[in-house]
Each structure stands twice: as structure tokens, then as C-alpha cells.
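S.K.: From first to last, the protein sequence lines are chains A and B. So for the first sequence, the numbering used here puts the first residue at 1; every next one is plus one. So for the second sequence, the numbering used here puts the first residue at 104; every next one is plus one.
Keep in mind the hints are simulated off the structure, nothing from the lab. Heads up, the beta-carbon is just placed ideally off N, CA and C, and yes, glycines get one too. Some hints could be false.
To be verified - According to the in silico footprint, chain A covers these stretches of chain B (three or more CB under 8 Å from chain A):
hint, segment
1, 138-144
2, 149-157
3, 521-527
Said to hold, decoys possible - Taking lysine-lysine pairs in the DSS-like style, the calculated list, with each CA pair at most 30 Å apart, reads:
hint, chain 1, residue 1, chain 2, residue 2
4, A, Lys14, B, Lys434
5, A, Lys46, B, Lys381
6, A, Lys14, B, Lys123
7, B, Lys452, A, Lys3
8, A, Lys9, B, Lys123
9, B, Lys452, B, Lys434
10, B, Lys434, A, Lys9
11, B, Lys160, B, Lys543
12, B, Lys231, B, Lys434
13, A, Lys14, B, Lys338
14, A, Lys9, B, Lys338
15, B, Lys381, B, Lys123
16, B, Lys338, B, Lys391
17, B, Lys105, B, Lys452
18, B, Lys452, A, Lys2
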Amino acid sequence: MKKLIDYTKTLRSKNAGPLWLTVDVCFEDQATMDFILARSILTPEKIAACYGVPAEQVRIIPYPIVNAVKVTLPRPCPSGGLGDMDIYGCQQQLLIANLPVEE
Amino acid sequence: MKLIALNGLLGYGYSEVSLKAAFETKPDYIGVDGGSSDPGPYYLGSGESFTNRAAVKRDLALVLPLALEAGAPLIVGTAGGSGSREHLHWLRDIVREIAEESSLSFDMALIYTDVSQDYVNQKLAEGKILPMGPLELTPEDVAQSNRIVSQIGAEPFLEALRSGAQVILAGRACDTAIYASPCLLHGYDPALSFHMAKIMECGAMCATPVAAADVMQAEMGDGWFSLTPANPARKCLVSSVAAHSMYEQADPRYLVEPDGTVDLTGCQFEQVDERTVKVTGSRWIPAKEPTLKLEGTKLAGYRTVSIAGINDPQTIARVDTLFAGVQNFVKENTAGRYTDADYSLCLRKYGTPTTGDEPLAPNQCAMGIILDAVGKTQAIADEIMALARARMLHFDYPGRKSTAGNLAFPYSPSDLHMGPVYTFSIYHLARVDSLTETAKLVTERVGNK
């Protein structure tokens, strides 16, 4: 089965302040974005399950002008907190990248 | 009105060719962001800058004479990386040094943005502290905070600009305030001013090829702004500018500022020439109640770290068991002396376990581990690490064949003493009566002409 990353042009994560992570899922064209959105690959519940955070704090924001979907979620540990492994939050995209996509 | 952004962060460097090209267009203002909370809480906590002094000096020394000659004020936000009094003075001293070495004279404004524990406690008592995410704030957290800053918006910059200062160094500031404040001073629309500022503050990150380390130019007009990279080798494209609105933003549709929000949902991007994008349609929504973000840190202990590799497949297969054994061993050997409040020991493995069949290069390890001890004192952290590292090195298990040692240490000494550890204690919004209530403006004459 294919993974979400196989459908993307850019898939990156970054801090949005030390308490939040934001993941940009960018597609080559609108058709690909619509294909992914229609399959409910990116839902607050799925993201919450991947990262172990409350679903009500996860936001999925389509940004059609650049064929992208933004996923914003609380950091499991604040940046630089004891136990944090990624100060800039720029390597936290893998769990989203690996989400399975049914053809 | 024309503005230039030196780059995305003071000390990141920029092309001198770009700078000269930008000055040929006769800019009215020059801005540069001096810091960020991205490198984590250590720098606000320690008072040190995460930016390099020599690199910051180079970036400023090139532009300062040009800015003075052009009569274009130079505005720097979040001085010294984190914007506290110590950070601001660090940058002020660099500017004074450049002025002396180059025989420059000018008026400089410093904007202090520190707040006291009393200020935060008062806000807490009045119910004027709002969370920004999963971080609580109690009077105890405030009491433990060693350094607290407020992130100012454009208003205190307006006061500094009106003072006639040719150089403005601000403490902790919104990146947007650097570029939006001159526009607001000249009566431009706040939505377009802040939207332009949000894109400019990253230097040429909105261009292609993308670069945080290059000069960017903006022009403000009536109902529009445009963006052009100073370096002729770069272009602003509708796609590159629109995509940049996503970067580091929780929501690409809205820019939240202390005194209002920019609604970007009706924005239009237009390619006006090969390298220039024009933006229209940003809308301003004034805040019902103005807020300022407060950032504070507290000392969380002292850290000692050890890094090692493991190649033995049997050991790799048992790393988690060994880690649990090391935790127990440390606990037993410090029983009666230390409790959980005195130290934390974090054991981490890096790399995907392999079957052990894949060939390894001579300078490669199959798995990396980091042993991380944080203690109430450096001596405690050192002792916890000494126990944990030695136990992990010689941990025996049934069937073990590589009995000389489990760990490949890359360094002697194996233990890295990292000193104080700070964590964010405050990252909250405060409702304010005035957006200048935390700012203090001090002006000085630099040089003796």
C-alpha cells in the first residue's frame, strides 16, 4: 500500500512556537489534494492517535491556494523540555508521512 | 515607501552584492530580525545569544554606514536572540564597537521589554493571563522564573521612530513589528503592513531559490504591497510567496498580532514582472482586547550527557531491558540520598534496529544511544551519569558474548558536562491596558560627532 508521502511534493514539520507543531502537507496539484481529502487520510482522530495528543486540539486546515493541507497539533513535550527530542520540531513529520493511503 | 530586510536573522549572513543593489533603489527603512524562540529555552534562560557575535557584527558593520548615509533608519527586533536586557546590551555593545571602529555617530534607541515577576503575578491575580497551549502558569512558576520578557508589537517602535533615532534596537519583539511599524507611522493599512512584514521577516525565504540569508525588498502602496528579492539570481513567484504564508504558522489564513488579526482569506497575489509579486486584499480585524505574549524560563537543573554506539546484535535486541536495568541500578545506588525530585535520567536509542546481517562501514555504528542525566546540581548529574554509563557499559545478560563492554564511546572523556538546563516556565498571553505598558524607551548618542 502507498503512503501519504508518496502523494506529496513537500511534507515538513516545524514548531509553531514552543508548544505547537505544524505539519505542511503539500501536493503537486489540486486533484491530488482532493484525492487525499476525499479519503479522510488526515483527520484529527488519526493524527491524535499517531502522536498521543487529544483529538480536540488537532486542527486540519486545507490551504488550497498552494494545494496544501496544514496539520497543527500540540507538542507532546514543549520545545526544550526534559524529554524533548527535537527542539525545532523539524523531524516530526514521519508519522504523518507514513499514513497508509488506499488506492 | 520602500523597505529592505537584511536577511531572515541577524548573523545568518547575506550577499554584499544584494545589499548594494537594494540600496540603489533608495530604501526608506532597513529591518532585520535578531532572534527567535526556536532554538529553545536555554538562551533566554542563560542570557546568552544563540547567534554568533562575529557574524552579527559582520552583518551590521556592512549595512550601518550605508543606512546612515541614506538616512534610512535601521530597525532590529529581538536583540541578542532572546530580547532580554542582557541580550539587548550584548547587541548594543556590538553596535557601539562598530561605531567606534568606523568613526560613525548617530542617535540610537533601545527598547527594553523585560517584565518583573510582580507584573506577571498581578496579571495572574486579575485573571488576565491566557494559555497559549498545554502549559499551566501558577504563582510558583512565576517565582521560579529567572528571566521574563514581553513580546512587543509595533506600538513601542512607533515611539522610537518618532524620536528620530537612526538605529533602533528592540528587546523581545514580534518579527512583524520591525517592518510594520514604519508603514503604520506613514499611515499605511495595518493589514497590508503586517502581511508584508510577515513575509519580509524571513529575508528571501519567500523567493526562489529560497534563502533566509539574503536581502529582500518590499514596496508599500495604496491598497497593495509588492515583494522583490534584491539578489538578481532570485525571483518572487506567486507560488513561492503564497507558500511562505504557511511557514511556522499554526494557521496560514490568519496572522495574529497584539492589536489585531490579519485575515488572509481574501488575498490576491499577482505576478507583476519576472521577479516581483504584488499582494492585495489582506483585511484587518482589530483585537477586542489587546494582548502581549510573555516568555519566561526557569532553571530545571544541570545536565550531563554521554553518547555511545552499539554494534552487537544481541545487545541491540535487549537495549530496552538494559535501559530499565540501568534505571533501577541508579535508583538503588542513590537510595536515601536522592529522590525523583533531585534528578531525571533519560535513556534514548537512535536508529532502527537491524538484523545484524547488513555490513557496516568501519566508521559506522548500528545503533546510537544517548544517556541524559539532569540533576539538581552539576555534581548530582555527573554522579548519575557515572553510575548509568558504567552500568550500561558492563551490563551482563544471559548468552552475552561481547563481554568486554557494550558501548562504543566516540570520545574521551565520555561524559559531556553541559551545565545549566532551562525550560519554558511562561509562554502565555497577557491582556494589557496599553500595548506600550511593558516597553521602556531609552535613547543615546553613539559616537562623538
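S.K.: Next step is simple, just say for each hint if it's right about the structure.
M.R.: Against the structure, the hints come out as follows:
Counting residues of the segment 138-144 of chain B whose C-beta sits closer than 8 Å to any C-beta of chain A gives 5, which meets the bar of three, so the coverage hint holds. Evaluation of the coverage hint for the segment 149-157 of chain B: breached, as 0 residues show C-beta separations to chain A shorter than 8 Å, against a requirement of three. Against chain A, the segment 521-527 of chain B contributes 4 residues with a C-beta closer than 8 Å to a partner C-beta. That satisfies the three-residue criterion, and the hint holds. A distance of roughly 36 Å separates the Cα atoms of Lys14 of chain A and Lys434 of chain B; the hinted pair therefore is violated under the 30 Å criterion.
For the proposed pair Lys46 of chain A and Lys381 of chain B, the alpha carbon gap of about 38 Å is over 30 Å, so the pair is violated. Only pairs whose Cα atoms come within 30 Å are accepted, and Lys14 of chain A paired with Lys123 of chain B is rejected, the gap being roughly 33 Å. Only pairs whose Cα atoms come within 30 Å are accepted, and Lys452 of chain B paired with Lys3 of chain A is accepted, the gap being roughly 25 Å. Taking the CA atoms of Lys9 of chain A and Lys123 of chain B, the gap is about 35 Å. The hint is violated against a cut of 30 Å.
A hinted pair counts as satisfied when its Cα atoms are at most 30 Å apart, and Lys452 of chain B with Lys434 of chain B qualifies at roughly 20 Å. For the hint pairing Lys434 of chain B with Lys9 of chain A, the CA-to-CA distance comes to about 48 Å; that exceeds 30 Å, so the pair is violated. Taking the CA atoms of Lys160 of chain B and Lys543 of chain B, the gap is about 25 Å. The hint holds against a cut of 30 Å. Between Lys231 of chain B and Lys434 of chain B the CA atoms are separated by roughly 42 Å; this puts the pair beyond 30 Å, and the hint is violated.
Distance check on the hinted pair: Lys14 of chain A and Lys338 of chain B sit about 25 Å apart at the alpha-carbon level, within 30 Å; holds. For the hint linking Lys9 of chain A to Lys338 of chain B, the alpha-carbon distance of about 20 Å falls within 30 Å, and the restraint holds. Using a Cα cut-off of 30 Å, the hinted pair Lys381 of chain B and Lys123 of chain B holds, with the two alpha carbons roughly 23 Å apart. Only pairs whose Cα atoms come within 30 Å are accepted, and Lys338 of chain B paired with Lys391 of chain B is rejected, the gap being roughly 38 Å.
This hinted pair does not check out: Lys105 of chain B and Lys452 of chain B have alpha carbons roughly 51 Å apart, beyond 30 Å. A distance of roughly 28 Å separates the Cα atoms of Lys452 of chain B and Lys2 of chain A; the hinted pair therefore holds under the 30 Å criterion.
Hint compliance for this structure: hints 2, 4, 5, 6, 8, 10, 12, 16 and 17 are broken, all remaining hints hold.
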